[in-house]
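Novice: Sequence:
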Amino acid sequence: MALEMFRKKETLAMRKKLIGQSCRLFYSDDPVKIVRARGQYLYDENGKRYLDCISNVQHVGHCHPSITQAATTQMKLLNANSRFLHDNIVQYADRLAATLPDKLSVFYFVNSGSEANDLALRLAHQYTQHEDVIVLEHAYHGHLTSLIDISPYKFQKLTGQKEWVHVAPIPDTYRGIFREDHPNPAQAYADTVKDVIDKVHQKGRKVSAFFAESLPSVAGQILLPKGYSTKVAEYVRSAGGVFVADEVQTGFGRVGSHFWAFQLQGDDFSPDIVTMGKPMGNGHPLSCVATTAEIAGAFTANGVEYFNTFGGNPVSCAIGLAVLDVIEKEDLRGNSSRVGGHLLDRLTQLQTKHPIIGDVRGVGLFVGLEMVTDKEQRTPATDAAAQVVRRLKEDYICVSTDGPWENIVKFKPPMCFSMEDADLVADRIHHILTGDWNTYPIALTYHNTCTQLYSIHLLYLKERFTHFEYYIVFVRLRGMFYRFPGSFHVYLSYWRSSRQKSVLYDVTP
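Under UniProt numbering, read the sequence shown as residues 1 to 509, first letter to last.
Heads up, some of the hints might be wrong.
Lysine-lysine pairs mimicking PhoX-like chemistry, simulated, CA-CA at most 25 Å apart [to be verified]:
hint	residue 1	residue 2
1	K48	K76
2	K8	K33
3	K231	K203
4	K375	K353
5	K9	K48
6	K103	K9
7	K16	K157
8	K48	K393
Pairwise CB distance ranges, derived in the manner of DEER restraints [to be verified]:
hint	residue 1	residue 2	range
9	Y396	G160	40 to 48 Å
10	G297	L424	46 to 54 Å
11	R7	G435	28 to 36 Å
12	T352	M419	19 to 27 Å
Quick caveat, the hints were computed from the structure, so don't treat them as lab data. Using N, Cα and C, we set each Cβ at its ideal position, and we do this for glycine too.
Between the sequences and the hints, there should be enough to build the whole structure, so can you do that?
Specialist: Set out below in structure tokens:
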């Protein structure tokens with residue numbers, strides 16, 4: 001079959017007509033049409049190569065030959081639903097069990113992270129016979145109705161918070177209520193969950209589950225303070241609930257040092273339910289729920305069969321097994337630690353050079369770069385983050401943003417990402433934030449009356465964007481440079497007689 005049936009404009013026109021507009025594209029103002037991929041690279045209809053920094057689904061690399069071969073071989077032989085006895089599903093479950101704490105010994109295979117989280121919710125309700133769920137601020141756990149109900153990222157825009165859903169503060173030590181200077185942020189944030197539990201009990205209700213990503217992603221690439229999950233699990237279990245770790249975005253070695261992100265909390269911590277998804281099938285729809293024999297037994301005892309037509313079919317499990325093999329044979333966890341550590345180092349170096357970078361955080365190949373307009377106030381630089389994404393696209397590097405204010409540039413590339421890729425990304429971000437310096441004569445038209453004006457030296461930097469041009473003007477005042485973005489206008493604020501004044505200039509290159 002041809003790689004491309006329609007021209008880009010035709011494809012886009014057909015998509016607008018046939019596909020729901022709520023199904024959004026990356027770079028919606030000028031989408032990239034991808035026709036093939038390999039490893040960490042995407043190729044558009046013109047053969048242009050893009051570095052993929054956001055496909056945390058194609059975990060071991062796009063179109064990995066071992067994965068495509070496993071799928072092809074099994075598809076030629078047999079594919080059937082899991083009511084037929086087959087070796088692949090039990091072999092795969094056994095391999096997964098070897099990566100998890102011993103108590104997580106029962107598996108349910110499904111097809112998406114949303115299905116996995118929906119089933120986890122059912123397991124928790126059935127086991128505890130309680131209804132209420134505690135989640136974190138700005139959490140996202142899936143697009144099913146049951147999951148929108150426990151995803152503040154979604155329900156705040158829709159019907160609002162249900163009475164059985166309770167939201168705890170996100171344990172963000174950069175801009176949360178307890179920050180990096182707190183002596184014990186893990187305990188402090190865990191105690192906020194205890195406060196939520198107490199309020200639930202005061203209402204005469206009971207807790208079914210605490211439901212959280214092991215590393216909150218949509219909330220802004222957040223690293224949970226070590227010890228937080230252990231203490232929260234203690235509080236939740238004392239209240240008769242269970243701890244659900246959502247590993248849909250973070251599992252399968254992405255953090256490098258461990259196979260699962262929840263293991264970063266320490267050897268003494270184990271969830272009661274773990275959900276997994278996105279990278280599990282390297283692009284093939286494959287997800288899973290792992291839980292204890294006790295919770296699984298309570299689910300069986302309700303007398304209602306659980307059956308998923310495609311979950312755990314022979315082809316899916318063959319692909320899942322192949323993914324595990326590639327992770328091990330190519331030492332992708334080790335690569336994640338080495339390359340991710342290098343990327344973090346490079347971005348941290350940029351933080352010292354560019355005040356607009358407020359924070360750099362991450363582990364392995366799960367990295368966030370938070371942009372701010374003011375380092376002291378930590379004001380989100382949403383527009384600047386969007387501009388970085390657009391400019392990187394012009395350099396054929398695909399990234400996107402996350403966080404409540406969309407001011408965090410996120411990196412979750414395929415695990416085959418290389419040192420050279422990391423250097424390229426860091427170099428291009430540095431170039432974008434620094435720009436190509438040139439000085440030009442500038443004519444100024446003075447609009448305000450002022451009795452005194454300090455010596456001013458103006459330079460401007462012409463930046464080219466996809467759809468427009470604008471000028472960034474640096475004003476040198478008292479030996480310091482101040483940066484003012486604008487379109488041929490500059491507002492200069494300066495101090496005179498302890499009072500702030502504003503002066504407007506027209507800038508003509």
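Novice: Next, verify each hint and record whether it holds.
Specialist: Hints versus structure:
1. K48 - K76: violated (34 Å)
2. K8 - K33: It holds: about 7 Å lies between the C-alpha atoms, which stays within 25 Å.
3. K231 - K203: holds (23 Å)
4. K375 - K353: holds (13 Å)
5. K9 - K48: Since the Cα atoms of K9 and K48 sit roughly 17 Å apart, the hinted pair holds (cutoff 25 Å).
6. K103 - K9: violated (53 Å)
7. K16 - K157: holds (23 Å)
8. K48 - K393: holds (11 Å)
9. Y396 - G160: 40 to 48 Å: For Y396 and G160 the Cβ distance comes to about 42 Å; the hint holds.
10. G297 - L424: 46 to 54 Å: holds (51 Å)
11. R7 - G435: 28 to 36 Å: holds (35 Å)
12. T352 - M419: 19 to 27 Å: holds (21 Å)
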